[in-house]
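Novice: Chains as they are written, first to last, in numbering that gives the first Met the number 0: chain A, 0 to 138; chain B, 0 to 138; chain C, 0 to 138.
Check before you lean on any hint, since a few could be wrong.
All copies of an identical chain are treated as equivalent in the list; a pair is satisfied when it fits inside any one copy or across any two copies.
[Said to hold, decoys possible] Straight line, CA to CA, 27 Å or less: simulated BS3-like cross-link-like pairs of lysine-lysine:
| hint | residue 1 | residue 2 |
| --- | --- | --- |
| 1 | Lys29 | Lys1 |
| 2 | Lys129 | Lys30 |
| 3 | Lys29 | Lys68 |
| 4 | Lys68 | Lys129 |
Treat the hints as calculated values from the structure; they're not laboratory data.
Since we're looking at a predicted model, the values are computed, not measured.
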Amino acid sequence: MKHLTEYLWINTPERYQMVDITNEVQELVKKSGVKEGLCLVNPMHITASVFINDHESGLLQDWLVWLEKLAPHAPISQYKHNLTGENNADAHLKRTIMGRETTVAVTGGKLDLGTWERIFYGEFDGQRRKRILVKIIGE
Amino acid sequence: MKHLTEYLWINTPERYQMVDITNEVQELVKKSGVKEGLCLVNPMHITASVFINDHESGLLQDWLVWLEKLAPHAPISQYKHNLTGENNADAHLKRTIMGRETTVAVTGGKLDLGTWERIFYGEFDGQRRKRILVKIIGE
Amino acid sequence: MKHLTEYLWINTPERYQMVDITNEVQELVKKSGVKEGLCLVNPMHITASVFINDHESGLLQDWLVWLEKLAPHAPISQYKHNLTGENNADAHLKRTIMGRETTVAVTGGKLDLGTWERIFYGEFDGQRRKRILVKIIGE
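Please model the complete structure; the sequences and the hints are all you need to start from.
Specialist: And the structure:
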């Protein structure tokens, strides 16, 4: 069995931001030498998400508007978590809706994605350095 | 390590529809010859979901009613994505709630599911041909 | 390839409850002898979730309040599923938001988690015995 573990660093300019990381992950699949296997991608933080969807700029905005309705930031006093001095309880909830991780098939040495599938890092409490784990196993 | 990659084709009669694909996935586990491993199942499209839950007809209807409340289809002008000429922004959001993929354990040559666990394909923009990827790795 | 399959039993005192199971899963990783691989953790029930987030008591309460808003228990007659004699339709929906399973990297013989990442069992129809599957594969 072959395996590769790498950590990508990211620091988004915006507090809430979606970043396409497909190319970076694809490069790591190549580096791993794995032809057939699985590729796990997850943030190592609890206010961010890795998810797969469409790279369409309107849709990326729709998500942020929609998440704000389902899990509003303000008033921050509505969340017990924010009594700890944090103001990011909404980020934990938004990441819950988007999901933590994705597992992608590796076939013929490449990410086995559909035509429009792209891997995104979804940040909901950004403007600081965070890590994304990529783990590839297979043969 | 053994591995199998297969693509299931599906074309739902309804725009919004849940389809139980457990038996098809189980057949592929058998075909793979994998006794101990993992089985990844995901749509290759961004307006559909693969998820695990109960095969109870009332519940399947409850999901569709509930998703329509959380991520309504109309008015379609509420979503920037629909400015592209699409009218399926809600489908991207509904699939986000249901999740993209599932990873299931393979134990003793079978899907290691609980009594009531069934694998579903959830379609939110159907009436056309779509693909589901099944990837099984193990030994 | 090495592999380990274990089933954890759990019976929560409360109907709705979050339980940190990170230490139990870590023990199984050690037992498996796997140094590099993947660890899948999922409930074998359809009204519970395994998810990763922060172990902060206020936040755990925030989740339950928030889930009750997005997928309310009462009135139970609002869900067709409850016509079967069940009253737990909301639990199926709550688990959908939280997700069914998590896949975690195993690196150097340990769960490769970020500083604040903890694995939780989320129960939404508790007070009875349930099972959690842990499957570890790798080398």
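Novice: May I ask which of the numbered hints given earlier this structure violates, with the numbers listed in increasing order?
Specialist: 3
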